[in-house]
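Number of protein chains: 2
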Amino acid sequence: MSQKAELNDVLAYIDRKAEKTVAGLQELCRQPSVSTTHTGIEEMAALVKRRLEETGFQATLHRTPGHPIVTGFLPGKAKKTLLFYNHYDVQPAEPLSEWASPPFEARVVDGAVIARGSTDNKGNIVSRLAAFEAFLAVRGELPCDVKYIIEGEEEVGSPSLESFVLANKPLLAAEGCVWEDNTTREDIPILALGNKGLCYLELACRTANVDFHSSNGQIYENAAWRLVWALSTMKDEKENIKVEGFFDDIRPLSPKEEGLVDKMKPYNFAGRARKFELRGNLLGLSDRELTRRHLTAPSFNIAGFDAGYTGEGVKTIVSGRARAKVDCRLVVDQDPEKILACVRRHLDRRGFTDIEARLLFRSLPAKSDPDAGIVRACEAASRRLYGVDPIINPFGNGSTPTWIVLRHLGIPLASTGVGRITSRTHSANENLKVADLIDGAKWMAAIAEEFASL
Amino acid sequence: MSQKAELNDVLAYIDRKAEKTVAGLQELCRQPSVSTTHTGIEEMAALVKRRLEETGFQATLHRTPGHPIVTGFLPGKAKKTLLFYNHYDVQPAEPLSEWASPPFEARVVDGAVIARGSTDNKGNIVSRLAAFEAFLAVRGELPCDVKYIIEGEEEVGSPSLESFVLANKPLLAAEGCVWEDNTTREDIPILALGNKGLCYLELACRTANVDFHSSNGQIYENAAWRLVWALSTMKDEKENIKVEGFFDDIRPLSPKEEGLVDKMKPYNFAGRARKFELRGNLLGLSDRELTRRHLTAPSFNIAGFDAGYTGEGVKTIVSGRARAKVDCRLVVDQDPEKILACVRRHLDRRGFTDIEARLLFRSLPAKSDPDAGIVRACEAASRRLYGVDPIINPFGNGSTPTWIVLRHLGIPLASTGVGRITSRTHSANENLKVADLIDGAKWMAAIAEEFASL
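Here the protein sequences line up with chains F and V, keeping their order.
Numbers 1 to 454, taken from our numbering, label the letters of the first sequence in order.
Numbers 1 to 454, taken from our numbering, label the letters of the second sequence in order.
One thing to keep in mind: the hints can contain errors.
To be clear about the criterion: a stretch of chain V counts as covered by chain F if any three or more of its residues have a C-beta under 8 Å from a C-beta of chain F, and this derived list gives those stretches [to be verified]:
no., region
1, 194 to 202
2, 206 to 220
3, 292 to 306
4, 352 to 365
Which residues of chain V face chain F? A few of them, derived with a C-beta cut under 10 Å, are [claimed, not checked]:
no., residue
5, Ala-224
6, Trp-225
7, Thr-233
8, Glu-237
9, Tyr-267
10, Lys-275
11, Glu-277
12, Gly-280
13, Asn-281
14, Thr-310
15, Lys-315
16, Thr-316
17, Val-318
Calculated lysine to aspartate or glutamate pairs in the EDC-like style (CA-CA distance at most 16 Å, straight line) [said to hold, decoys possible]:
no., chain 1, residue 1, chain 2, residue 2
18, V, Lys-315, F, Glu-202
19, V, Lys-80, V, Glu-141
20, F, Lys-263, F, Asp-287
21, F, Lys-315, V, Glu-155
22, V, Lys-77, V, Asp-145
23, F, Lys-315, V, Glu-202
24, V, Lys-338, V, Asp-248
25, V, Lys-315, F, Glu-155
26, F, Lys-256, F, Glu-379
27, F, Lys-80, F, Glu-141
28, V, Lys-238, V, Glu-289
29, V, Lys-265, V, Glu-289
Everything labelled a hint here was simulated from the structure, so no lab data went into it.
What you are looking at is a predicted structure, and each value in this text was computed from that prediction instead of being measured.
For every residue, glycine included, the Cβ atom is placed at its ideal position computed from N, Cα and C.
Start from the sequences and build out the full structure, keeping to the hints where you can.
Put into structure tokens, the structure is as follows:
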């Protein structure tokens, strides 16, 4: 009980320092760091390193083929290590005209910091640093060893992260990891314990080096038709993916995972249908079935199709070239390279040897054991702070690079943070409520405390 | 024989006046008349009317909802009427940088007039006027009554022609018609006796009012997939068109037409395969089979397909909207409106009621009786001038508006003129050899002469 009393002191300190914490967030947000355009990256990496050092971390800025990665280490009381992952880069702010307040001024409007990066992901960095600062001020030490990795390419697919992690395993070794955020959150914390994989393919067909006048439509192969025919063999109208081998490596859910899926609140598709003018629920499935499908099933999606004339009105050509983007979200243990091989074999067997399939991007699916220490720590922290169990998405919906930590380092993780559905991450008027920033710091403090005491 | 001697005088007059004829072509070409941009249209219509009047025609400029139509009439010796169709509008000249000589300067370079419209279609207008001028100079009269219709919207699909023709049937009544040109020609004349129809559809599918993030690919309908599935039911990989009713109205070829098809020289697909980097002949068909297919079969072509992200690299979305352009070339007596109805019924029967099908453009297939007087006149003229039978394409390959004359006026026609494959119509450096212009005038004189004497 004495330790819990002490945590209350830490939480009270976080409240007292709220103004400084907000100022710290504003400082980070006022430094643009757009990874797509390489804007302000070096300045931001240096700033993050300085902030880690000011908090007491031993920090290092690592050069990579892309943007620098900053790591930090600060020993604590318990001899176990908790790793935090964040990223200092942000999405572009455009279109600027849609912002109510300039994206890199970080003004506080109606109790929220309006800025690109305010939630994704600088608010999460700042909330964590505020928690560490509170421990150090109140107790003189962190509850356990803490490592930090902050990269600068998350918004462009983390191209440097995997090789960095593989080359620095001892530096990053830990027993648990808190990942960057989880951008849906209602009144109780939501944890995501992994990520879907992504196999992003480009299928290209060329039947001639020109587009022919369509008065020759009877006598020339049309690349658009070939791609239509090829795609139509890959997924049928009932949404059945027909690529042989696509499902081979899917691991069944554990009873614990089944239980977690059952506990997820079903999405409200009637509301979505109104908002997005949907024809109705996919395949007529119920909200619960769709929710389960979203959590557990892979996808085979056409992200783009481009052939021939795509403007307004009439142009009469035989498409000599056609291209489709196909993205497959993968579940454990599907492998993007094997999916590519399955697609290639599928095409070849059906005579579509002329259709090129290229892997443009890949990430692997991965998930933590829901009984891992970091998950139990989050559960205990949720009960302590909020009096409820957290919501646990055992697989994650996105394709973040948690797999690099899960697979290459073998560290179980939970992704959780300050994000809300109203945070407008990636959009104009991205924002973070000051109350959520401070609450997020307490949440991180409680997780670290519980993790240390497991 | 005396009349034939007289025709030689007419032909000799055409030779003597070659310089004036070239100057007359240059005058027309130096007046831009781009129908797409409405550039110079009024000036060009007035100029065409003046040139008809200078030749001796009674000419009228008719207002339409679009560009003016100019008609002319000049009585001749025989009491039968030959109608000539041309158009005074041209394609845009862009890209200007590709022209060796400015497109509206009409310079003579290496014995050819280089100008937008030099062949298509002003060279044809001028060659016909030169023939009439020669008859009038040598004989004081034309061999028969001649009517002329010159429109200004051919390059944009002749939107005003049908209603004009329907409202002016007596004005245009004739026993035969010489259509604008035939743009493939080797050493002997080629006649086209009709046109394919065109049913140009836009198929549009919308599954949501947004594109979703593709991490939701498992749970939202994808418009691109729906359109792929729908299209794949319409034509199979063996190029079989599966839309019920599509073939219902096709009229079998007459024995005479079969004979004409057999006489067509087969296309050289090995050469085309090299030039255009084709995979090989469509369906492995022979040159002769492909040539027959081109002449006699309808098509069901995807002219464009557009959905989701079509740029370079990766964007991860579920396409909420997809659109395809489908153009069907039709043969006698397929009807574009009925084809649209077939497509609609086909979609509905397969559950694609949400896919919208709109008719963006239509023209009807039509063909002349190959025994018609105008065809026999052309045959006789070819034998007289060149000592050979002409090549006759009994159906035409393109979708020109010959059907308006064939169907609404009931006038059989042959399309023939000064065009060559090297004329580069619609492209930069469109050109007409002076020798072909003068030869074209003689060819028109011979046709009129033979038509009058049938």
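To see whether the hints hold, each was checked on the structure:
1. 194 to 202: Since three or more residues must qualify, the claim that chain F covers the region 194 to 202 of chain V holds, with 3 doing so at under 8 Å.
2. 206 to 220: Result for this restraint: holds, n = 13.
3. 292 to 306: holds (count 12)
4. 352 to 365: Coverage by chain F holds here, the residue count being 3 at a Cβ distance below 8 Å.
5. Ala-224: With a closest approach of 4 Å, the Ala-224(V) hint holds.
6. Trp-225: At about 6 Å, which falls below the 10 Å cut-off, the nearest Cβ of chain F leaves the hint on Trp-225(V) intact, so it holds.
7. Thr-233: Holds, about 8 Å.
8. Glu-237: Check passed: Cβ of Glu-237(V) comes within 5 Å of chain F, closer than 10 Å.
9. Tyr-267: For Tyr-267(V), the interface hint holds, since the closest Cβ of chain F sits about 8 Å away, which is under 10 Å.
10. Lys-275: holds, 8 Å
11. Glu-277: Holds: closest Cβ of chain F sits about 4 Å from Glu-277(V), inside 10 Å.
12. Gly-280: holds, 9 Å
13. Asn-281: holds, 9 Å
14. Thr-310: holds, 4 Å
15. Lys-315: Nearest chain F Cβ about 6 Å off; hint holds.
16. Thr-316: Interface hint status for Thr-316(V): holds (5 Å vs cutoff 10 Å).
17. Val-318: Since the shortest Cβ distance to chain F is 6 Å, the answer is holds.
18. Lys-315(V) - Glu-202(F): holds, 11 Å
19. Lys-80(V) - Glu-141(V): holds, 14 Å
20. Lys-263(F) - Asp-287(F): This hinted pair holds, its Cα atoms lying about 13 Å apart.
21. Lys-315(F) - Glu-155(V): holds, 12 Å
22. Lys-77(V) - Asp-145(V): holds, 7 Å
23. Lys-315(F) - Glu-202(V): holds, 11 Å
24. Lys-338(V) - Asp-248(V): Satisfied, since the Cα-Cα distance of roughly 10 Å is no more than 16 Å.
25. Lys-315(V) - Glu-155(F): Cα-Cα ~12 Å, so holds.
26. Lys-256(F) - Glu-379(F): At roughly 15 Å apart (the allowed maximum being 16 Å), Glu-379(F) and Lys-256(F) satisfy the hint.
27. Lys-80(F) - Glu-141(F): It holds: about 14 Å lies between the C-alpha atoms, which stays within 16 Å.
28. Lys-238(V) - Glu-289(V): holds, 15 Å
29. Lys-265(V) - Glu-289(V): It holds: about 11 Å lies between the C-alpha atoms, which stays within 16 Å.
Violated hints: none; the structure is consistent with every hint.
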